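Peer 1: Next come the chains, spelled out residue by residue.
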Amino acid sequence: MIDNILSHIIFLPLLTALLLGLFRAKITYLKIGAMFSSVATLLLVIWTAYHFDPDGGMQFVKHSPWIQNTGMSYFIGVDYLSLVILLLISLLMPPLYIYMYHEKRKGYWYNMMLLQTGVTGAVLSLDLVLFYLFWETMLLPIFIMIGKYGNGLHQYNSMKIILMTIMGSMSMLFSIMYIGYVYFDTVGIWSFALTDLSTLTFNIKTSIWLTAGFLLAFAIKIPLVGFHTWMAPAYGSSPTPAVVIMSAIMAKLGIYGIWRFGFALFDTVLVYYAPTIIMLALIGLLYYAIRAITEDNLRKMFAYSSGSHLSLIALGLFLTNIYAWSGSLYLIATHALATTGIFIMIGLTYKRFRTVQISALGGIASKAPKFTFFFTFFALSIAGLPGTGGFVAELLIIIGAFKANFWIGVLTATTMLSAMLYIFWMLQRTLFGKANNDSDYEDLSLREVVMLLPLVILLLVTGIMPSLFTPIFEPQLTASLQEIINVIGGLK
Amino acid sequence: MINHILFTLPIATIVIGALVLMLLSYSRKFTMQRLNILAVFFLLISLAFQLINIGEHSSTFLFPDIFGDSFILDDFASIFDLMFTVGAILTLLINNDYFKSRRYFSGEYFALILFSVFGMMMLSHAHELVTAFIALEIASLSIYALVGYHKNNRVSSEAMMKYMVLGSMTGAFFILGTALIYGAVGSTSLTEIALYVVNNDLQEMTLLIVGSSFIMITIMFKIGAVPFHSWVVDVYHGAPYPITMFMASTFKIAIFAIALRLYLVNFATINVFWAEMLQVITILTLIGGSWMAINQKLVKRMLAGSSIVHSGYLLIGISSLGLGSDVAAPAIMFYLIAYFLSAVGSFGILSFIASQSKTQMTYSDFKGFAQKRPYMAIMMSIFMLSLAGFPSTIGFLGKFYIFTSAIESGQILLAGLGILTAFISVYYYFKLIAFMYFYPSDTPQKKFPIDISTIVIAMMALLVIWGGIGTSLIPFIPSPDAFIDIARQSIGSLK
Chain A
1 MIDNILSHII
11 FLPLLTALLL
21 GLFRAKITYL
31 KIGAMFSSVA
41 TLLLVIWTAY
51 HFDPDGGMQF
61 VKHSPWIQNT
71 GMSYFIGVDY
81 LSLVILLLIS
91 LLMPPLYIYM
101 YHEKRKGYWY
111 NMMLLQTGVT
121 GAVLSLDLVL
131 FYLFWETMLL
141 PIFIMIGKYG
151 NGLHQYNSMK
161 IILMTIMGSM
171 SMLFSIMYIG
181 YVYFDTVGIW
191 SFALTDLSTL
201 TFNIKTSIWL
211 TAGFLLAFAI
221 KIPLVGFHTW
231 MAPAYGSSPT
241 PAVVIMSAIM
251 AKLGIYGIWR
261 FGFALFDTVL
271 VYYAPTIIML
281 ALIGLLYYAI
291 RAITEDNLRK
301 MFAYSSGSHL
311 SLIALGLFLT
321 NIYAWSGSLY
331 LIATHALATT
341 GIFIMIGLTY
351 KRFRTVQISA
361 LGGIASKAPK
371 FTFFFTFFAL
381 SIAGLPGTGG
391 FVAELLIIIG
401 AFKANFWIGV
411 LTATTMLSAM
421 LYIFWMLQRT
431 LFGKANNDSD
441 YEDLSLREVV
451 MLLPLVILLL
461 VTGIMPSLFT
471 PIFEPQLTAS
481 LQEIINVIGG
491 LK
Chain B
1 MINHILFTLP
11 IATIVIGALV
21 LMLLSYSRKF
31 TMQRLNILAV
41 FFLLISLAFQ
51 LINIGEHSST
61 FLFPDIFGDS
71 FILDDFASIF
81 DLMFTVGAIL
91 TLLINNDYFK
101 SRRYFSGEYF
111 ALILFSVFGM
121 MMLSHAHELV
131 TAFIALEIAS
141 LSIYALVGYH
151 KNNRVSSEAM
161 MKYMVLGSMT
171 GAFFILGTAL
181 IYGAVGSTSL
191 TEIALYVVNN
201 DLQEMTLLIV
211 GSSFIMITIM
221 FKIGAVPFHS
231 WVVDVYHGAP
241 YPITMFMAST
251 FKIAIFAIAL
261 RLYLVNFATI
271 NVFWAEMLQV
281 ITILTLIGGS
291 WMAINQKLVK
301 RMLAGSSIVH
311 SGYLLIGISS
321 LGLGSDVAAP
331 AIMFYLIAYF
341 LSAVGSFGIL
351 SFIASQSKTQ
361 MTYSDFKGFA
371 QKRPYMAIMM
381 SIFMLSLAGF
391 PSTIGFLGKF
401 YIFTSAIESG
411 QILLAGLGIL
421 TAFISVYYYF
431 KLIAFMYFYP
441 SDTPQKKFPI
451 DISTIVIAMM
461 ALLVIWGGIG
471 TSLIPFIPSP
481 DAFIDIARQS
491 IGSLK
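Chains as they are written, first to last, in my numbering: chain A, 1 to 492; chain B, 1 to 495.
To be clear, the hints were calculated from the coordinates, so they are not data collected in a lab. Keep in mind that the hints are not guaranteed to be accurate.
[Claimed, not checked] Listed below are the simulated PhoX-like cross-link pairs for lysine-lysine, each with C-alpha atoms no more than 20 Å apart in a straight line:
#1 A/106 / B/372
#2 A/26 / B/446
#3 A/106 / B/358
#4 B/372 / B/358
The structure displayed is predicted, hence computed values, not measured ones.
Just chain A, with the same shape it has in the complex (with noise of 0.2 Å):
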């Protein structure tokens, strides 16, 4: 039990969805076991968290062959990195599953069980193959859901994501591919193992081909501006949980993918990356900000904000000083919670009003304060309200970037001062002013207040007493920053 602990945390939720599937489970059966399974996976991911040692580098390892002809191997493993990624994933899914509550399409119970361990198993898989693996079947629930479930142009946005996505991933695939080869050719085995694979030296020009393959697969799915022209029509088509999927982990799983393989395949390549990615950020920063002020429509403003926050975390992460990557990881965390509040809210403002254009909303404050607060709230901590956890973290990286280049810190710092004015021109349209409608609506019941609940109080710990948290990555992040930048003072 102990011992595969990670794969009882990646398979129970497919498990569950197997059993209920094979059994046709009626309704109320589906609602009680996905969110058993999803209580249960909390339970032992904070069993997990509570055993964790912060000294111990990777832990809970499993390493079983798979395929052995070709070498794939069935590789778990958890540490700093994938752990707090591995908590948001647990702490999320049972509030979206009390925001699901009055859901009766069994489909989108199944999807999202599928989907928890598409994402659970990505992050916990150190084979490349299984990574590849996981990797492209937690598209497919998403797939599923924003063409079944979605609005609007659902079925061709759909398509859009899958395709650009698996584009994406097949760039990676090949690079995976040429790597084994790479390993077999110099050793004489397949392995596919990322503790084989990184330590294996290329030469420079063939490393930098293979680095754009993965990179390209994380670029996508970030997105980085250019590469982002899926994420505003899925965001805004698909329904609040899958968007909530997409925007907390799986966009996060594109910087968790640079951080994971990208520096441990290909460290000294990634600095020949480095100038390329910080100025996509910064463009990223400065040119979502600007769509967001300008959409109307509240999904995919919070789409563009999303993009805008996610260039932030790959910024603090190519910036490579111990500021800015603690901020990264800070980020991913809060901005995590942060976008399920909000997404949740809209998805609360759609089902109130049956619209989530800006300008259609209005006069809210009057009549639901209790919407009000949970809905400034969320909005201002995505925007980096002191006090809640986006503050810290974006703060450590405005100090991470000026700790890097003066010029660098400033457009990060007036870049973020963006966020605060289409968040606060988005909440003075959306919940002040007059009523644009007199629809009746009622504020936030009791279940909704409670699965709000977590997000909120999390959100102000992390913001307040962030030494809580920061044992828990400080030592092994620093060991890790430490290599890389050893491995750079190297090449200079």
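Starting from the known structure of chain A, arrange chain B on it as the hints suggest.
Peer 2: Showing chain B alone in chain A's frame:
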């Protein structure tokens, strides 16, 4: 002698079965249903004999005092025999409903299927060019007749004419090539040819190279490689569903049996000569096939077009083989198994739907299919994912091996192109999934019919998934590893 009779029993059973079925088809007592059972029975007996024989012996020539070295029995041929027999059994079982729903099927149908299986088995055992030609023609003639089986249907007859005229013409190339090789070597036996190839310089073998290039034309035609592809889409479209399924899965594999034998044994030392030619054909096939598949409205035609692309992937494997990749040969075998499973499954579902209705089955006919038949839709999606090479299906591993073999032999651009066409294929396969799932249905959900067809299709779906994720940790159940081991062993028996 007794031994040899035992070895030939699988083939003999098929031929006897074919003759018996042909005679019985005149009797009114034997309905289609019974004939179907009888045909499957013969195939099963043959399968049982094959399973007894497999792995029991090293390569031997059958009846050397009568046939010389015309027929060889090795693991390679046995594995292919196994696939043909299983393919035929699956074709017959899955299409059980289809036979019932179409009146134009008559008893000869089963005899023809068995005859073509017989031809294919001969083909995989053939160790002499004229024998190979005769075997190929036995299989092809049966297929020609089967393609035109729906006599009153214009499309079916057109397909038959097209296929037969073109096929016979390219068949003539095979015999011409054989004649030229005979002129050079003085024998048509593969043993002699191999000896000749080893003992002579490339410059002195012009006649042999020209001759074997002609043979290659026939092979390329039969697998539908561009630029010999013009028949594929029309013929696959015109043929009744069971036949399309049989052609796409089983018959195509048979061609690869002879191609592999020729390239691995016969022309092993000079296949560098064809490397560039093969690469060009591969590139054309991949691009052309994608082009054919991407703008089709009928799902059947899309699958036909995409089968060209799959031939292209296999050609990547063959051209890597020529350039000395070690993993290429098992990769080709594995890909054949993978494609076989997914093609049988997807065509099986199409034929199942066709047996319920008479629509042409365009993409938009699949609107709401997931709501109407959720289990069928899931299985169809699994097959589509496998064909597209989506991970966690056997198709992914197949592509993985093929592309790694291309990288291993230094054909990085070819591997890149393969990846690109795999990406394009995602579009037309996922389009079907999108149509099935993204639109509501106007008819209520239908019950999942449990009969022989659906059970077999469901087993295929499970195999496709298991072939992609299965581990070797669970004993007694073959995993992808086992598939590769089988492929390795069969290739190993060639050398």
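Peer 1: Against each hint, give a clear statement of whether it holds in the structure.
Peer 2: Structure-based check of all given hints:
As the CA atoms of residue 106 of chain A and residue 372 of chain B are separated by approximately 14 Å, the hinted pair is consistent with the 20 Å bound. Of the supplied pair hints, the one linking residue 26 of chain A and residue 446 of chain B holds, its CA atoms being roughly 17 Å apart against a limit of 20 Å. Pair hint residue 106 of chain A plus residue 358 of chain B does not hold up; C-alpha atoms about 31 Å apart against a cutoff of 20 Å. Of the supplied pair hints, the one linking residue 372 of chain B and residue 358 of chain B holds, its CA atoms being roughly 17 Å apart against a limit of 20 Å.
Going down the numbered hints, you'll see the structure goes against just number 3.
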